[in-house]
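Turn these sequences into a full structure, and let the hints steer you where they fit.
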Amino acid sequence: MKNIFLIRHCKAEGQEPAARLTSEGAEQSHQLAERLRGMGIDLVVTSPYQRAIESIRPLCDMLGLAYTVDRRLEERVLSSKNLDNWMELLKETYVDLDIVYEGGESSKEAMQRGMEVINEAINGPYHNIAVVTYGALMSLILKHFDDSVGFEEWLNLSNPDIYLIRVENRKYEIERFWE
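So the number in the numbering used here is just where the residue sits in the sequence shown, counting from 1, plus 78.
Worth flagging that the hints you see were computed from the coordinates, not collected in a lab.
Keep in mind that the hints are not guaranteed to be accurate.
With a Cα cut of at most 25 Å, we get these calculated BS3-like pairs of lysine-lysine [to be verified]: (1) 186 / 221; (2) 169 / 80; (3) 159 / 186.
Here it is as structure tokens:
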């Protein structure tokens with residue numbers, strides 16, 4: 079059996095790659111570590127963005143584990159342009175996974191790169207894997223397993239958030255693991 083803890087980063091000061099955690103986010107990172115302490119985590123894979131690394135560092139320190147950085151876990155880019163109606167456009171991408179806006183990637187493309195990481199974890203030697211990413215990519219990975227996941231579910235994610243994906247004999251169970 080494999081347990082994949084899909085983690086959304088803690089509260090941050092912004093969306094850019096170098097954005098750090100807020101003071102509340104730093105506190106949340108320690109709560110996250112406490113929540114995952116006894117789960118037997120034996121591999122941590124994280125986005126290279128600062129807020130993701132800062133979110134998981136307390137757990138790594140607690141467990142004496144190094145983390146692996148994987149660029150495929152970076153946040154999904156909706157568009158390279160500033161769009162006034164970006165929420166409406168984002169909502170459309172959960173209905174039509176092939177929509178691509180200028181300079182962005184489709185939901186399908188983002189989902190595929192996120193699932194590459196998940197599938198490597200499933201097929202690898204580790205049993206309890208923490209995967210740290212962002213809300214949009216997290217929701218698209220969850221959508222891969224459950225097509226009913228969409229814009230509303232993305233909207234209802236918290237910072238941080240954790241979903242546990244249990245994999246046994248090619249069967250999947252998903253449950254929210256964060257209160």
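Verification of the supplied hints:
Distance restraint check for residue 186 and residue 221: the Cα-Cα separation of roughly 10 Å lies within the 25 Å cut-off, and the hinted pair is therefore satisfied. For the suggested pair residue 169 and residue 80, the alpha carbons sit about 32 Å apart, so the restraint of at most 25 Å is broken. For the hint linking residue 159 to residue 186, the alpha-carbon distance of about 20 Å falls within 25 Å, and the restraint holds.
The structure fails to meet hint 2 from the earlier list, while all remaining hints are met.
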